Amino acid sequence: MIGVAVLGATGSVGESTLDVLGRHPDEFRVVALAARRNVDRLAEQCLQFRPAYAAMTDPACAATLAARLADAGLPTRVLAGERALEEMAILPEAQYVMAAIVGAAGLRSTLAAAGSGKRLLLANKESLVMAGPLVMQAVRASGAQLIPIDSEHNAIFQCLPQSKDQSMAVCGEGESAGVRRLLLTASGGPFLNWPAAELGSVTPEQACAHPNWVMGRKISVDSATLMNKGLELIEACALFGLPPERIEIVIHPQSIVHSLVEYLDGSVLAQLGSPDMRTPIAQALAWPQRIASGVQSLDLIKVGKLEFRAPDAARFPCLALAPAAIRQGGLMPAILNAANEVAVQAFLDGRLNFLDIPAVIETVMNDVSGGPVTDLETVLGVDALAREAAQRQVAARSASPRSAHA
125 MIGVAVLGAT GSVGESTLDV LGRHPDEFRV VALAARRNVD RLAEQCLQFR
175 PAYAAMTDPA CAATLAARLA DAGLPTRVLA GERALEEMAI LPEAQYVMAA
225 IVGAAGLRST LAAAGSGKRL LLANKESLVM AGPLVMQAVR ASGAQLIPID
275 SEHNAIFQCL PQSKDQSMAV CGEGESAGVR RLLLTASGGP FLNWPAAELG
325 SVTPEQACAH PNWVMGRKIS VDSATLMNKG LELIEACALF GLPPERIEIV
375 IHPQSIVHSL VEYLDGSVLA QLGSPDMRTP IAQALAWPQR IASGVQSLDL
425 IKVGKLEFRA PDAARFPCLA LAPAAIRQGG LMPAILNAAN EVAVQAFLDG
475 RLNFLDIPAV IETVMNDVSG GPVTDLETVL GVDALAREAA QRQVAARSAS
525 PRSAHA
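Basically the working numbering = 1-based index in the sequence shown + 124.
These are calculated hints, taken from the structure and not from any lab test. No experiment lies behind these values; they were computed from the predicted model shown. Virtual Cβ for every residue (Gly too), placed ideally from N, Cα, C. It is possible that part of the hints are untrue.
[Unchecked claim] DEER-style ranges, computed between Cβ atoms:
{"id": "1", "residue 1": "Leu500", "residue 2": "Pro285", "range": "31 to 39 angstroms"}
{"id": "2", "residue 1": "Ala519", "residue 2": "Thr327", "range": "16 to 24 angstroms"}
{"id": "3", "residue 1": "Ala184", "residue 2": "Ala508", "range": "22 to 30 angstroms"}
{"id": "4", "residue 1": "Gln172", "residue 2": "Asp389", "range": "43 to 51 angstroms"}
{"id": "5", "residue 1": "Tyr387", "residue 2": "Ala196", "range": "12 to 20 angstroms"}
{"id": "6", "residue 1": "Met125", "residue 2": "Gly302", "range": "31 to 39 angstroms"}
{"id": "7", "residue 1": "Ser493", "residue 2": "Asp150", "range": "24 to 32 angstroms"}
{"id": "8", "residue 1": "Ser493", "residue 2": "Leu430", "range": "40 to 48 angstroms"}
When you get a sec, could you build the whole thing from the sequences and use the hints?
Structural data, given as structure tokens:
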């Protein structure tokens, strides 16, 4: 039986992971569950799956969880603090690690899992955006298997040549696989067809109302600005060893074709499926085999048609920022990611206008100097500087009449 640690268990990907695991109790055992502050939900999950370990990054929440589990007679050992996530990632009892913590908070634990030689199911794209060279180096050095969980990257993974013994570090070498280009599909988010003049009045609730996917609030806003696709572009460069010029973003409103790979001979392979994260999760858990995920079968007759169009760069200025960060290289993607996280949270908190999100990011990219990605502390250092710069930009724009009353 395969032991699995789920980091970010109470988020949307974590919940979907546990749903799939719960369908296969004879094949998988939940060894560890980790979350930040959602005590109620993590307690429920622990009671259902009875893991040996649980962790919460908030110490007060961890203490509350420990008391609840003790009262319930559950022998689960509860750990606390940021370092607890790294301990969960390297547990010898867990052969597989689901890295589903959102944002930069998941970087340390992702690196720990990558360096431990496990199968790393990577849903935390920010780790590759911030420190792609470090993560991929750790994967190669340890012999880990890195399988992406983002539906787009998982689709590409499925469309690439593979063998049972390959890790992502090997099959990610697009040049040797005869790949001409990758096509990342994007739904276009909730504002794809909105009049541009109305985007200044967008509310967090509207931005989080994705037409196809059920996701967390941060990634939902990223989808609304299309920054999510920019982050995925950076992630794809790291995973598959191709430059950004050979990765194209295509708007596909139905979210049925999750991405495509074009080969030198003209063949184009696509992975299709209903928009449900349990499909890539089940694929990554069972690879190279297949298991049931609980996802409804795709009815192409009911879908009727599949549309594709070019993205509107004027409507979605965030799209241009990611290629710019890649061209500058080094730490610039980490700077972009930090500024985006701050700007998105400010928007969700009602302190920033939706249209100011790309402006904050671009200003921070211009103001904060990058450099080479040498080690984790360098990445975290520039991350902190970029966050401080972004907070200053948010404060300045929050005080402006346009941002306050748009």
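Evaluate the given range 31 to 39 angstroms for the C-beta pair formed by Leu500 and Pro285. Since the Cβ atoms of Leu500 and Pro285 sit about 32 angstroms apart, the hinted range of 31 to 39 angstroms holds.
For Met125 and Gly302, compare the CB-CB distance with the range 31 to 39 angstroms and indicate the outcome. holds, 38 angstroms
Is 12 to 20 angstroms right for how far apart the beta carbons of Tyr387 and Ala196 are? violated, 54 angstroms
Could you check the hint for me, namely that Ser493 and Leu430 are 40 to 48 angstroms apart, CB to CB? Cβ of Ser493 to Cβ of Leu430: about 44 angstroms, so the range 40 to 48 angstroms holds.
Per the hint of 22 to 30 angstroms, is the separation of the Cβ atoms of Ala184 and Ala508 within bounds? holds, 24 angstroms
Has the hinted range 24 to 32 angstroms been met by the Cβ atoms of Ser493 and Asp150? violated, 54 angstroms
Honestly, do Gln172 and Asp389 meet the 43 to 51 angstroms range at C-beta? Taking Cβ atoms as reference, Gln172 and Asp389 lie about 49 angstroms apart, which means the hint holds.
Hint check for Thr327 and Ala519 - Cβ pair distance inside 16 to 24 angstroms: holds, 21 angstroms
Checked against the numbered hints above, the structure violates hints 5, 7; every other hint is satisfied.
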